[in-house]
Amino acid sequence: MTESSRPTLASRLVLAAILGLGAMAVWDIAVGLIFAAAQPLARDIALNSNDTRELAGWLMVVLFGSPSVLAAILLYNSAFQAMPAPWSPQIVVTCALAIVAAVQCYRLQRRYSNDEAVAWAMFALLLGLPGLVGYLLHRRWPATEYCANCRKNSPRDRDACLHCGTPFPTPAPKGIEIFA
Amino acid sequence: MLNTLPMLKSLLWKEFRELLPLIIAAILVDGLLIGNAVFSRHSMTAAVYIETVWPAMFITSLLYSLAAGLFQNLREEQQGTFLFLLHRPLARDLLIATRLIYGAAICALVCAAPLLLSALWADAHNDGRLHWITPWSVAYCGQFLLIYLGAFLSSLRPARALGSRYFPLLGSILLFIFLLMLGLSGEAPDYRYVSWVFALLAWTLGPFTQLALVLAILHVARTRDYQ
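These protein sequence lines map, in sequence, to chains Y and U. Residue numbering for the first sequence follows the working numbering, beginning at 110 and increasing consecutively. Residue numbering for the second sequence follows the working numbering, beginning at 486 and increasing consecutively.
Pulled out of the complex, with its shape left as it was, chain U reads as follows:
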């Protein structure tokens, strides 16, 4: 275990350097959008104005998750460094899991956190009215990893047939939409009991689905031919 720590640190440092352009881009875009909303001299109050920039932040966040998942493996494949990476004296599962955890943590930090914090800030500075962005942010926080994991699986898995490489990504986008809608159904005013059951279901199914995708990723990582 002690011998693996320096290797894991090196691996994390490599991943950090490779994802740095994406991290900087995400922070810049989020900072620009939030800063514009908070410090602008708009006729509306800033708390209400943040509602108008929130969809842009949401889409940027989804795109970032997608790019991060694809970039982590496609870069290795394009440069032909997969075998070099896998020949390190680390278990393959540990190596892939470390990269996954790092990517997921970065997604949480630069995707989910700004969305949630801006929604909470807008609620705190509002006239007692709940912003529509708050339930969206909370529902998104339960499911945001699906896109990242789907993109990671797509980039790791070689295609078996024409055009099938990106099927895992498309499948995870479908699951993401379904679970996000399920989570958002907690806001339906006329069906409060049923809708909260659905919201609870989304919060249960979301992590379970993400765990299942991690299983599939580890399976592909173990069985694929890296030549």
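With the rest of the complex left out, here is chain Y:
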């Protein structure tokens, strides 16, 4: 692939974001179905308004798991209703999940490429768990192999080790190769 035709980071970020949102939609449908199925079982449980509000908050975390989506919803709601507590446990849990997703994104990107790790970590930090799913789905993941020189795991879609630049050994000839 030439330098000019190499996909830009922006287009890959957009693709990963839309894939993450799609994964979130599937997850939301699944959770919605589970709730619909569980509704008859929960009919006899009496809840006061505080419990209901607490449950609704946790449901938001389960449904979206993304700081930016949660912020957009809270911003939208706060414009029309009372502002919720800014450091509620639900928001803390969502941010903690986003940090885990960002760390995982950073580690994976470092394992498969030398650049853009920070950009992808920021992406996962903003989108949270859906961002991590989008990142995992947006590209191919080549097989990895331990480098004989530096003993680090390196993707095998190139001729040399990603970390130390040592060329990978050529495969042993089988006697059926054709040399032009």
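Here are some chain Y residues pointing at chain U (derived, C-beta under 10 Å):
hint	residue
1	L124
2	A125
3	L130
4	G131
5	R248
Just a few of them, taken from the derived set where beta-carbon distance is under 8 Å, the chain Y residues facing chain U:
hint	residue
6	A119
7	S120
8	R121
9	V123
10	I127
11	A132
12	L246
Simulated restraints, written as ranges between beta carbons of each label pair:
hint	chain 1	residue 1	chain 2	residue 2	range
13	U	G648	Y	T253	24 to 30 Å
14	Y	N186	U	N521	38 to 44 Å
15	U	L505	Y	F288	52 to 58 Å
16	U	I512	Y	S197	50 to 56 Å
17	U	L559	Y	D268	34 to 40 Å
18	Y	A228	U	I662	27 to 33 Å
Think of the hints as simulated: they come from the structure by calculation, not from any bench. Note that the structure is a prediction, hence the values are computed from the model and not measured. Don't be surprised by glycine CBs; every beta carbon is placed ideally from N, CA and C.
Place chain U on chain Y using the hints.
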């Protein structure tokens, strides 16, 4: 540039022929619904009666956008003609962009235009009262391409994991719902200032999101394996 024009014309003619059944179906359904509303001898006035058929038109329009986006690429894939199409001496970006612009224009013509025109007609023939369908139509016009672009991206992108092929479509439907609701919040009577800020935000974010989806489509078109 001069050499590419006949090829682009041929490409547009091919796309037109392939989408023709969908175009005819959309025109028939819209014509039937609008004609029924306008010419019926219903006890209500026609302008009010159009409110009752408008949701059906809205859903039909969404389904059409979805079908058009999926149909354009799945047909090529099913018939195995993607490589034949891409081996034409046209830049891949230009080829995909031409197909996208054509599909978007058809969606605008048979999806958004009938909804908007029927809403404007109903307002013009009403007793000074604003129909609820007018803000819906205006908000829809800012976002209707999201569904089409999501469907196009889904059909173009091969799946990386089980069931993930239609994730872009589902994601764009989620964005469409969010931006449509944001655009409609301009109608909240008690929060006029805040709600108009949201409506303006929807009109800004809508085209930006659509442009971002076009970027993603061009990226997938450039990098996917068509074998």
